[in-house]
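Asks: Put together the whole structure using the sequences plus the hints.
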Amino acid sequence: MRRILSLFGGAGGLIGGIMVLLIVADGLAAPLIAPYDPLQVDMLSVLEDPSPAHLFGTDQAGRDVLSRVIWGGRASLEVSALAVVIGVTGGVALGLLAGFYNGGWLEQFLMRVLDAMAAIPLLIWAIALVGILGVGPFTVLGITFGNEVKLLVLLGILYMPTLARITYASALGESRNNYVAARRLQGVGSFRIMVSDVLPNCLSPVIVQATLLLAIGIIIEASVSFVGLGVQPPDPSWGNMLADARNYLFSGEWWLSVFPGAAISVSVVAFNLLGDGLRDALDPRHTAQALTA
Amino acid sequence: MKADAPPLMMLQDLRKTYRLRRSAADRLKGVNRIVTAVDGVSLSIQRGSILGLVGESGCGKSTLAQILVGLLPPTSGTIAYDGASLAGLSGEAWRAYRRGVQMVFQDTASSLNPRKRIRTILMEAVTARGLAGKARAERVEALLGQVGLDLQLLDRYPHELSGGQRQRIGIARALAMEPSLLVADEPVSSLDVSLQGQIINLLRELNETLGLTIVLISHDLAVVARVCDSIAVMYAGRVVESGLPRQVLSAPAHPYTQALLEAVPRGLERRDRKRTVLPVEQGDTPGGCHFRRRCLHALAICAEVDPVLKATRQGQAAACLLQQPS
Amino acid sequence: MNTPSMTEELLRIDGLHVGFRSGDEMRPVVRGVDLRIAPGEVVGLVGESGSGKSMTALALMRLLPPGGAVTSGRIMFKGRDLREASLNDINKLRGSQIGMIFQDPLTALNPAITVGGQLTDTIRAHQPLGRKAAMTRAEELLALVGIPYPRQRLLAYPHELSGGMRQRVMIALAVSCNPSLLIADEPTTALDVTVQAQVMDLLDRVRQEFGVAILFISHNLELVAEISTRVTVMYAGRVVETGQVHDLFDAPRHPYTRQLLRCIPRLDGARGAMPTIPGLPPRIGALPPGCPFAPRCDMAEPRCREQDPPISWRNRQMAVCFRANDMVPA
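Residue numbers (this note's numbering), protein chains in the order written: chain A, 1 to 293; chain B, 1001 to 1326; chain C, 2001 to 2330.
The set of hints was computed from the structure by calculation and includes no laboratory data. A hint or two may mislead.
[Stated by the list, open to error] In silico lysine to any residue, SDA-like type, Cα no more than 25 Å apart, as pairs:
no., chain 1, residue 1, chain 2, residue 2
1, B, 1116, A, 172
2, B, 1116, A, 280
3, B, 1116, A, 184
4, B, 1134, A, 192
5, B, 1116, A, 140
6, B, 1116, A, 233
7, B, 1116, A, 116
8, C, 2078, C, 2090
9, B, 1134, A, 276
Computed from a predicted structure; not experimentally measured.
Replies: If you want it as structure tokens, here you go:
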């Protein structure tokens, strides 16, 4: 038990981890656990209070809120996770290169590129993107992408500067360590050293940041849906469910906003707990051994 | 160790300078800020010998070490390895040099990749040397034996080992390349005195059994005295004295070496300590003899002429105008 | 000749135990240390890594790192038990009565505050001086510790100074309020030999000028022998030997001291293999029963591994060993 606890950096991390696992399981198993079809309209059961038949009530089109929350989780997670994957891939690559090949033109060039990427705020990009590609599925090179792809690619790109900087800082420091010099003395090529020796030592802060970005992604998805960038109705996402629920905030149909809102909050807390726990687990453990000095 | 055999490495007038960042005012004035880490060093390293390189921080010994192993290119001067100048080397000859000159580092914690097990670290080294398949594991075990470590360490991570054990792994890793020259940069400074001998003795043994040439860099004169065949004292980027340890340490010719010896604590001998304490170092390195501002015997001429390393009576060499007949 | 009077002890530590919390256990790092310092005396505390010497000093000043705690023992300073003192009282003591010099001056000095700022902060914390008066005092102190151009240096930041200079500033800080005890924890370890000589020289001058007692902690026996009048040797959290410095080093009564002395390379020593103490120092928490040094001792007997060795006194020299009287002078 102690082993598991230390792996997650304490009780908080473990709880966060379990919660994240449940959320992911929910997303994966959506078709199996949702009691109703989230898109099924039933104008006879509009805006019903939560009841045994509809545990979370129904929305303005008679659709079961519980099923929509379950399916919505899948959509929100998909966007959030894929964005993080894109961000990590690009960010780590850029940061690693800049940090390892430091001192030259490459470092300066990459840092300035990152600065440029970080300079423009999300909303401006979002509006511009919608302006160019319109709302709804789009086709590039003969492949059709769903609307949410715009968002997750955009988010991924916007995550890159942060992740790159974190990686850059680690890479800069680690590249100066003597174990890198020792590998050079063995005649090993620079690129190989960068990937097999330096990269593994740069990942812990990135992993921590990535879990936190997962949390942020869910919230961002919720907030840009009104621009037309998130998951488009009738497909549910926690974000667009909240956006729809705005009209019913003061008219008494509390279940339309509370359940998706709670789902977002719980997920954000879960990812944050996990991220904090991982941060504690991954870093001081290795340096704590230095106590024998 | 045959003195007439050609030296394994020859350094001629080696120089390494760095350009510092300039402030706006500097740029306007056209001032170049240059730091000279190595300022005209000429050394020859005899095969099979142990050379001690001694000096305090900032003297350039670490920079020199990095140039020796090829991690830093010199700004000017020549280095010859096994008779051939490094400048022209490429392909197989360069690779031979690369393998042939290896280094052991001072900080054991940062010299081993914290995320790799000892087995991985050594296997990588052995693979880099060109071995493959089963031969690699055998060689790794042999290397561990050579440095006196137990096989069970293979599965551990560096932070699970003691400083001394890590240092031995560093040596094993270097040995994996089958080098002719090992540069040991302060290999025992971070270890307890009672354990330093284990590493130093290991190096001696390797020198005796394998004929491994060693450059031992240390600030500890006593250790160097014990183990080295010849010694070179550095100050401000220059070699100020060189020769046999016995001579240099008992009858130092250069004022800096004299000051260094004066400064070594000898409380255990219980001498009445009337130490002449060296005046504090100030400012940039002066022209002429770099040591003149702190030297008790400095003359006016010391500011104008760069002293060159020349032989003194007993066979050591000192870079001091006072030692040379004018 | 220099007999510390037992009635006016400056510092008296009895049975100090310090431990580190690790999970549910308390790992002992200091296991029953006694120490005495008389006013104006210089006592050396010698040991290698894992000996617990630094922890003893930190415990004294209540500066143990997180997780560390004094588990038992008495720390009497000027007749007062420091363990009973409030944090407020300890703060008043630190700096004004007890000064401390650490090993690495770069991390011990605040990088964001000028040298003058740090000095005046300390001075004004313990003495009712105005800013100008404190600055003047700071300048005097810098001059005292041998820093050239002291007035300009007041405006310098720690990173602008060399290692030796920073150490001098630390000494200035430590003596700024005229303490009765100076704790120097490996003050010269990070310094070059010539700078080390300068700092040791300064410490001696400071002792003469201020009459301050010094607890000099180091793994370097040569330095300890140079500056101390009495020495205590620690191993694996325990005191193994204590006595007058030259008596102890000329004729050690504990095998660890004797074996350690053999390892120290002398400049005029013969060439050849360097002696070592075989094995490794014990890890905290994995301590065998009996004498902690027994596994590495060249004089160990079976009882050494089973029972705690007794305290043996002879001619004011104390060794914790069954065979203290069997030692042949080195």
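Asks: Evaluate each hint against the coordinates.
Replies: Against the structure, the hints:
Of the pairs offered as hints, the one joining residue 1116 (chain B) and residue 172 (chain A) holds, with about 19 Å between alpha carbons and a cut-off of 25 Å not exceeded. Taking the CA atoms of residue 1116 (chain B) and residue 280 (chain A), the gap is about 20 Å. The hint holds against a cut of 25 Å. As the CA atoms of residue 1116 (chain B) and residue 184 (chain A) are separated by approximately 17 Å, the hinted pair is consistent with the 25 Å bound. Proposed proximity of residue 1134 (chain B) and residue 192 (chain A) is supported: the alpha carbons are some 23 Å apart, at most 25 Å.
Straight-line distance between C-alpha atoms of residue 1116 (chain B) and residue 140 (chain A) comes to about 43 Å, which puts the hinted pair past the 25 Å bound. The suggested pairing of residue 1116 (chain B) with residue 233 (chain A) is violated, with an alpha-carbon distance near 50 Å, which exceeds 25 Å. The straight-line distance between the Cα atoms of residue 1116 (chain B) and residue 116 (chain A) is roughly 36 Å, outside the 25 Å bound, and the hint therefore fails. Distance restraint check for residue 2078 (chain C) and residue 2090 (chain C): the Cα-Cα separation of roughly 13 Å lies within the 25 Å cut-off, and the hinted pair is therefore satisfied.
Proposed proximity of residue 1134 (chain B) and residue 276 (chain A) is contradicted: the alpha carbons are some 44 Å apart, above 25 Å.
When each numbered hint is compared with the structure, violations occur for hints 5, 6, 7, 9.
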